[in-house]
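Protein chains: 2
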Amino acid sequence: MKTVRLSIVGFGAVGQGVARAILQKKDYLAGMDIELVVLGIADRGGACVGPDGVDLKAAIKRKKEIGSVATSDFTPLDVIKDIDHDIVVDATPTNIDDGEPGLTFMLEAFRHRRHVVTSNKGPLALKYSMLYDEARKNGVQFRFEATVGGAMPILNLAHDALAGNRIMSIEGILNGTCNYILSRMTEEGLSYEQVLGEAQELGIAETDPSYDVEGIDTACKLVILANSIFGMDVTYDDVDVTGITKITPESLSLAGAEGMLIKLIGEVRDGEDAIIKVVPKLVPKNHPLAVSGTLNVALLRTDMAGPICVKGRGAGSIETASAILSDIIAIGKKEF
Amino acid sequence: MKTVRLSIVGFGAVGQGVARAILQKKDYLAGMDIELVVLGIADRGGACVGPDGVDLKAAIKRKKEIGSVATSDFTPLDVIKDIDHDIVVDATPTNIDDGEPGLTFMLEAFRHRRHVVTSNKGPLALKYSMLYDEARKNGVQFRFEATVGGAMPILNLAHDALAGNRIMSIEGILNGTCNYILSRMTEEGLSYEQVLGEAQELGIAETDPSYDVEGIDTACKLVILANSIFGMDVTYDDVDVTGITKITPESLSLAGAEGMLIKLIGEVRDGEDAIIKVVPKLVPKNHPLAVSGTLNVALLRTDMAGPICVKGRGAGSIETASAILSDIIAIGKKEF
Numbered sequence: 000m001k002t003v004r005l006s007i008v009g010f011g012a013v014g015q016g017v018a019r020a021i022l023q024k025k026d027y028l029a030g031m032d033i034e035l036v037v038l039g040i041a042d043r044g045g046a047c048v049g050p051d052g053v054d055l056k057a058a059i060k061r062k063k064e065i066g067s068v069a070t071s072d073f074t075p076l077d078v079i080k081d082i083d084h085d086i087v088v089d090a091t092p093t094n095i096d097d098g099e100p101g102l103t104f105m106l107e108a109f110r111h112r113r114h115v116v117t118s119n120k121g122p123l124a125l126k127y128s129m130l131y132d133e134a135r136k137n138g139v140q141f142r143f144e145a146t147v148g149g150a151m152p153i154l155n156l157a158h159d160a161l162a163g164n165r166i167m168s169i170e171g172i173l174n175g176t177c178n179y180i181l182s183r184m185t186e187e188g189l190s191y192e193q194v195l196g197e198a199q200e201l202g203i204a205e206t207d208p209s210y211d212v213e214g215i216d217t218a219c220k221l222v223i224l225a226n227s228i229f230g231m232d233v234t235y236d237d238v239d240v241t242g243i244t245k246i247t248p249e250s251l252s253l254a255g256a257e258g259m260l261i262k263l264i265g266e267v268r269d270g271e272d273a274i275i276k277v278v279p280k281l282v283p284k285n286h287p288l289a290v291s292g293t294l295n296v297a298l299l300r301t302d303m304a305g306p307i308c309v310k311g312r313g314a315g316s317i318e319t320a321s322a323i324l325s326d327i328i329a330i331g332k333k334e335f
Numbered sequence: 000m001k002t003v004r005l006s007i008v009g010f011g012a013v014g015q016g017v018a019r020a021i022l023q024k025k026d027y028l029a030g031m032d033i034e035l036v037v038l039g040i041a042d043r044g045g046a047c048v049g050p051d052g053v054d055l056k057a058a059i060k061r062k063k064e065i066g067s068v069a070t071s072d073f074t075p076l077d078v079i080k081d082i083d084h085d086i087v088v089d090a091t092p093t094n095i096d097d098g099e100p101g102l103t104f105m106l107e108a109f110r111h112r113r114h115v116v117t118s119n120k121g122p123l124a125l126k127y128s129m130l131y132d133e134a135r136k137n138g139v140q141f142r143f144e145a146t147v148g149g150a151m152p153i154l155n156l157a158h159d160a161l162a163g164n165r166i167m168s169i170e171g172i173l174n175g176t177c178n179y180i181l182s183r184m185t186e187e188g189l190s191y192e193q194v195l196g197e198a199q200e201l202g203i204a205e206t207d208p209s210y211d212v213e214g215i216d217t218a219c220k221l222v223i224l225a226n227s228i229f230g231m232d233v234t235y236d237d238v239d240v241t242g243i244t245k246i247t248p249e250s251l252s253l254a255g256a257e258g259m260l261i262k263l264i265g266e267v268r269d270g271e272d273a274i275i276k277v278v279p280k281l282v283p284k285n286h287p288l289a290v291s292g293t294l295n296v297a298l299l300r301t302d303m304a305g306p307i308c309v310k311g312r313g314a315g316s317i318e319t320a321s322a323i324l325s326d327i328i329a330i331g332k333k334e335f
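Going down the list, the sequences are from chains A and B. For what it's worth, numbering that gives the first Met the number 0 labels the leading residue of the first sequence as 0, then goes sequentially. For what it's worth, numbering that gives the first Met the number 0 labels the leading residue of the second sequence as 0, then goes sequentially.
Next comes chain A alone, as it looks inside the complex (with noise of 0.2 Å):
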C-alpha cells in the first residue's frame, strides 16, 4: 500500500468536502493500492496536528461547533514547512488583489518539495509562472483541476485524455452564477436585479455578487486555462472582460426570437489570432455551448480529436472535492 501523507489548508467548505471524500473513499483507495493519511489541517484559527493522522470526523465536528479546527501552537505556515508531508492541498479563498493567503502557502510548500493540489484560483490567475517555475525548481507537482469547471474535468481531459492534441481554442461557460441568471431571465422575462435576488437567496450568488456577475471568475479561469494548456504567459490584468449586469430581458428576448440565447462566454485561443476574453455572446439555441442552469460547459477545438465538448456541475464543494481527489490519485499513482 502507497501512503500519501497530505495537509488541508483552509478548512471551509471545500477543505471539509476533502476530509469527508478522504473519509468516504477509503476502501475505493486501498482498491488503488492507495492509503492517504491528513498530517495537519490547518484553518484561520491555527491547525491540528497528529504524526499518524489526525481524526477527521473530529476536525470537522470542531470546525462546526468553535469555528476552527485549531488544538495546537501550529500556524497553516508551520504545517506546512515543519511536517514532513508529500502533498499540500490548498482549500483557501480565491483572492484576487494579492492571491494571498494561497499565494504564500503553496510557495512555500514548493520549497518544500511538497505537491500542491489546490482549488484556490487566485493565486494562479495572479502569479502562475512564478508558481509554476517554483514547482519545477523543486520537482514536485502543482495541479489544479478544482480551480476550474468544479467536477467538470477539464484540464486532466486536456492535458492526459487528450494528451497528442494540439487544444486550438476553448469556449466556456464556466461561471454557474451567471448561466444561471440568464437561464432564469429567460425563461421568466425577469430583470436581472430580480433573479439576482432569488439566486441570492438559494445561495446560488453571493451577497456581493461582483466577483460572479462582473465575469471577474470567469476570466480567473480563463488564465489559469491559457496559462497550463496553452502555455500563455497571462494574468489576470490582460483579460477582456464584461459581466452580464447590462443585460436586459429585452435583449434576451430578441435573442430568442431568432433562435438564440445569450450566454456569457470565455474565450481563449492560440496562435497568431490570440484572444483571451469574456463576453455575452448570442448562442444559437442547439448550439453546444447552450447549457442551461448552473452548468457549466466547455468545447475543446483540437487538431486531431476534432471538437470534444463536456459539461458538468461547475460548482459545490463535494463537487470540488471529487476534482481535488482525482488530482491527489494522479500524484499517487504518479510518484509513489
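Bear in mind the hints are in silico, worked out from the structure with no lab data behind them. Quick caveat, the model's predicted, so the values are computed rather than measured. Do not rely on the hints blindly, as some may be mistaken.
[What the hints assert, rightly or not] Distance windows between CB atoms, simulated:
1) A:D26 / B:E34: 32 to 42 Å
2) A:L22 / B:R110: 37 to 47 Å
3) B:F335 / A:E34: 18 to 28 Å
Where is the CB? At the ideal position from N, CA and C, for every residue including glycine.
Following the hints, put chain B in place on chain A, whose structure we already have.
Only chain B this time, still in chain A's reference frame:
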C-alpha cells in the same frame, strides 16, 4: 529523451492514421520528452521491419500503391514476438465471431511483455477478462481508448480525470451511423431505407450496415465500458440488443410532437439493478443525450462529481489515431 519502440499491426485507415500522427507529432512529442520509433508494421500481406525504425512515409505510399507494406518475410506474429519493442499497436479490424486475428496478436504481445494499445473491439467484447489477466500477469498495460467513442475520451475520462468517483451508470449514443440515420429521418421525414441509402453513398454507413444498425457495434462498446469501468465480467452475448431498423418516420414524428427524439441508447449500470442494454429510446429534445448527426455522446453519473457529459466525433481515422496516440503517451509517461 525517452524512446518508445512500437509495432503497428493492421495497416488500414486506423493504422495509417497512427503512422501519420506519429510523423506529424514528432516535435510535439519531443516537447514531452518522448520519441516514438516504429520498428515494424504488419498487414495481411506481410510486414516491413527496420532496426532503426521503418520509414513511415514510404510504408504509407507502398500500402497505397501495392496494397501491402510487406518488404520482408516476417509475418505479423513474427513482428509481435521476435522484434524487441515496447508497445504493440493493434489496429486490426473488429471481428465479433472469434475476435481473430486481434485476439491472438494481443495475447502474444502480452506474453512477450509488450504493452498493447488497440482500436479493435472484437477481442475485448468476447474475451476481456482473458486479455486483462494476461496483461496483468505479465506486468504490462492494456489500453483501448479508441475502441469506444472514437476521439471522445470516455475511458481515460472515467479512469483518470474522474479518478476517485464511483461511476454509477453510463448512457450514451456510441454509434455515429445510427445517430446520423435517426437524425436525418427526423429532420427530413424520410424512411429508414431512404436515409440508409444516402448514408451508404456518403460513406457513413457500410455496404453491409448490420453491424451498426442492428446495435452490435454499440453493444460491443458497452461490454468494454462494463468490463473496464464497472469491473463486470460480461461478453457481447450478455447484452440485450435492439437496433434501429424497425423505426418509422411516423414514430419519429409522433415523438417530435411530444418534444422528444428517438435515439439508439446504450446503457450500462452497476449494482443491484445492473443493466447492460442497447435500445432505441425517447429522449427529450433538450436532454444532454439529444445530440444529432454522426456525433457520439456519453452521460456518466458519478457519486461525487455528479453527472458529467462528454461529446465528440465517434469515428474517423485521424480521430481514432488521436485516441491511440493518447494511450501511447500515457504509457510513455508512466513506464519510461
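Could you work out which of the previously given hints the structure breaks and list their numbers from low to high? none
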